[in-house]
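Please build the complex by placing chain B on the supplied structure of chain E, with the hints as guidance.
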Amino acid sequence: MKNTWIVAKRDLGSFFSSPVFYSVTTVFLILYGIVFFILLNSFSFASFQTHQLRGADIGLNLNEMVIEPSFQQMAVILLFIIPLITMRSFAEEKKSKTFALLLSSPVRLEEIILGKFLACMIVISLMMLLSGYSIGYLVFAGQPEIGPILTGYLGIFLMTGCYVSMGLFASSLTDNQIIAAVIGFGIALFIWFIGWGAQAAGPELGQVLEYLSLITHLQHFLKGLIDSSDLAYYLSFILFGLFLTHRVLESSRWR
Amino acid sequence: MIEVEQLSKSYGPREAIRNLSFQIEKGEVVGFLGPNGAGKSTTMNILSCIMPASSGSVKICGFDVFEQSLETRKLIGYLPETPPLYSDMVASDYLTFAARLRNVPSRNARSAVEQVIEKCSLKDVSNRVIGRLSKGYQQRVGIAQALIHDPDILILDEPTIGLDPIQIIEIRKLIQDLASSHTIILSSHILPEITQICKRVIIISEGEIVAVDSLESLTTRLRNGERLILKVRRSDGETIEKLRALDQTNAVVEQETGQFTIDCEPNANIQDAIAKLALDNNWGIVELKPASMTLEDIFLKLTLEENEVKP
Chain E
9 MKNTWIVAKR
19 DLGSFFSSPV
29 FYSVTTVFLI
39 LYGIVFFILL
49 NSFSFASFQT
59 HQLRGADIGL
69 NLNEMVIEPS
79 FQQMAVILLF
89 IIPLITMRSF
99 AEEKKSKTFA
109 LLLSSPVRLE
119 EIILGKFLAC
129 MIVISLMMLL
139 SGYSIGYLVF
149 AGQPEIGPIL
159 TGYLGIFLMT
169 GCYVSMGLFA
179 SSLTDNQIIA
189 AVIGFGIALF
199 IWFIGWGAQA
209 AGPELGQVLE
219 YLSLITHLQH
229 FLKGLIDSSD
239 LAYYLSFILF
249 GLFLTHRVLE
259 SSRWR
Chain B
437 MIEVEQLSKS
447 YGPREAIRNL
457 SFQIEKGEVV
467 GFLGPNGAGK
477 STTMNILSCI
487 MPASSGSVKI
497 CGFDVFEQSL
507 ETRKLIGYLP
517 ETPPLYSDMV
527 ASDYLTFAAR
537 LRNVPSRNAR
547 SAVEQVIEKC
557 SLKDVSNRVI
567 GRLSKGYQQR
577 VGIAQALIHD
587 PDILILDEPT
597 IGLDPIQIIE
607 IRKLIQDLAS
617 SHTIILSSHI
627 LPEITQICKR
637 VIIISEGEIV
647 AVDSLESLTT
657 RLRNGERLIL
667 KVRRSDGETI
677 EKLRALDQTN
687 AVVEQETGQF
697 TIDCEPNANI
707 QDAIAKLALD
717 NNWGIVELKP
727 ASMTLEDIFL
737 KLTLEENEVK
747 P
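Protein sequences appear in the order of chains E and B. Positions 9 to 263 (my numbering) are the ones given, in order, by the first sequence. Positions 437 to 747 (my numbering) are the ones given, in order, by the second sequence.
The following block holds chain B by itself, in its conformation from the complex:
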């Protein structure tokens, strides 16, 4: 559905993205992951025909984004990083305007607006001026605007940035609902968000793709073994020695008093052993949990061990 080949874009002498190539199939939900300034927004701007690339090509449903720009734009709903909202307009008027701009015939515009208001739960605020809405509602109006012409492809640039946790959960749920009927490209620099919504991630760093894979295989491939975190109430100098003496542990580090990180072999399942040890010695377990891989870890791994990771 979306084919990106050798895409590059430079702003003057600075290269924002370099030779990006990837493909997205119909119905996929793909996460675009990268730190700030990695080139996510640039790529999304090119995909949604806002700016042309310096070189390379993007084909969306067979249309070239540069050569057949107008046809491509009909297929795409785009939410930029800053939602393009006219703060002096009433939400429903704004959505009607967006519908008309996106070639929704005027007789269908009204029902299209009602539908997105329903989908994005904007009923309570549809008669209010956009500038006075909370950030969460503004973001939803932004998403509603991208949905208004029922596009095949949704491009959402950091849809949850700057929202409070409840709003984030709501927006995330909305995106999950949309995932069943749309192809979605979503960018974020927050890993859990991507983990919850997307099946596949494209990780980009400094303008280049570092990895394209499903999230599970990426994390397992990156994880050379597992890491556990143990927190106890009472510990002494012997605690760490005893932990190290366990089978299948590679390294034990005391982060602070009573808190240890234990690196062990993959699929070691030594939680039982650790718990038993703690009970026998009466350490008083507060917490024993697997350390989840954070975005920082993945990035560090990917950028440091790039050759190892690339298939």
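Chain E extracted, bound-state conformation:
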């Protein structure tokens, strides 16, 4: 565990000293800011209209009209952002031959992988924290339900974990960061699309595909539900990704 933190700390240092982190974070915050502004704008327009038409003070649901869709959009933006964060994890170590330092040190491969995972999660959590001004503003200015906000964040966080573990797997496959990012996008989009496929497929297959899709599981969290099957899905997804990464790295030592 101590070794995991040592590895994670170095990676964090390298994130914060590289322009990649800052440019990715900036792009993320701008995109999310635009989305949030549009959602908020249309909400205030709609509530203004209902106020005028009905005259009475019928409050529209802030959670349903702004917070939920903004989380959904954030999930989409993260899909494109996270492979850029994870791409260097192993690819760069292999390219610059620094992986030899980790492999020749008394550190287990699992500890290295967990360290990299931890570093990426901390970086992305930080990005999400910076974007929290939006929800914070709503809590301050309106009266949204707090429950769904917290579960929403939990859901997004778990989904981020899935993206990261897929991204690490992609990065373990190659020593080229761009290829790692492309493979990361590919896998993430594929898992995303499965949900659409579910609607077109037959009832049994559809159900299976729907269960496999990352999105379906997020919906419950956004509505304020913590379902153990969703938790199990996300956690096993993360573990599976890390397990694959471990297999790839271990087998590349034998070749």
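Rather than coming from a laboratory, the hints here were simulated on the basis of the structure. Don't take every hint at face value.
No farther apart than 20 Å at their CA atoms in a straight line, the calculated lysine to any residue pairs in the SDA-like style are these [to be verified]: (1) Lys-103/E <-> Lys-495/B; (2) Lys-571/B <-> Leu-610/B; (3) Lys-495/B <-> Lys-10/E; (4) Lys-10/E <-> Asp-529/B.
Coordinates of chain B only, in the frame set by chain E:
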């Protein structure tokens, strides 16, 4: 201390090393000599637990590198062919990271870093980003990284490759200083380097050991007689005849005008005779020196006369 038995490694169908067996005692400085692609790096990677062997075993201080990998790694400091440096890190931060990775407790990490900075003369650059350092300093940071946990065994893969002559001398001196307190395995394809630092050499070619011996006995055993080089200012057709007429010369060849190589019997000591001859005939000696055996010669001899050399 290090026992290697029947070690083989293949990359797909290509065999990188075949049945290597050798032993290294505590405190020895052993040179691993071979041309590029002979399997030096592969062997070193296996010794330092980076990759497992296809077959055979390596025991370091009684620990099996494969079965007890983590224990073995604590005993070894490894400098790979390309030093494993994070170019975006400050040198001292990097060394602290390496110390923590190598299980140096955090309260001792600082003094460990200071010690290696001192040993490797990195004081001036310890606060600079590694990527901006010169190749020589980068190499030293690489060696410092291998020393940080004060390991019993140092494995250095071509530590002087790509350095300028002054840097090479400095690194060589550093390794000589370390030799007193560590067991060192050093690889190189440059013979003089090995001659200066190592007491014993393991010569490997195409994945197989061709010779394991001390350097002196290897060269004398390989040298069937001695060779001298003579350079004179004035020579004519008779010069070569007169040289050939000397006692104990086997063959005289004129390499270019005025330059001869003279093969003579072992321990012939005919320098005096040659000098006298040159003075008498007023050839004007420019140079008269023993031809040292180059790595190429040793290799050619070893690979061509393998049966003769093997004990």
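Okay, the hints, checked on the actual structure:
1. Simply put, Lys-103/E and Lys-495/B have alpha-carbon atoms about 30 Å apart, too far for the 20 Å limit, and the pair is violated.
2. Taken as a hint, the Lys-571/B and Leu-610/B pair is honoured in the structure, with Cα atoms around 16 Å apart against an allowance of 20 Å.
3. In summary, the hint linking Lys-495/B to Lys-10/E is not supported, as the alpha carbons are separated by about 28 Å, beyond the 20 Å threshold.
4. The hinted pair formed by Lys-10/E and Asp-529/B meets the criterion: a straight-line CA distance of about 18 Å does not exceed 20 Å.
Hints 1 and 3 from the earlier list are contradicted by this structure; the remaining hints agree with it.
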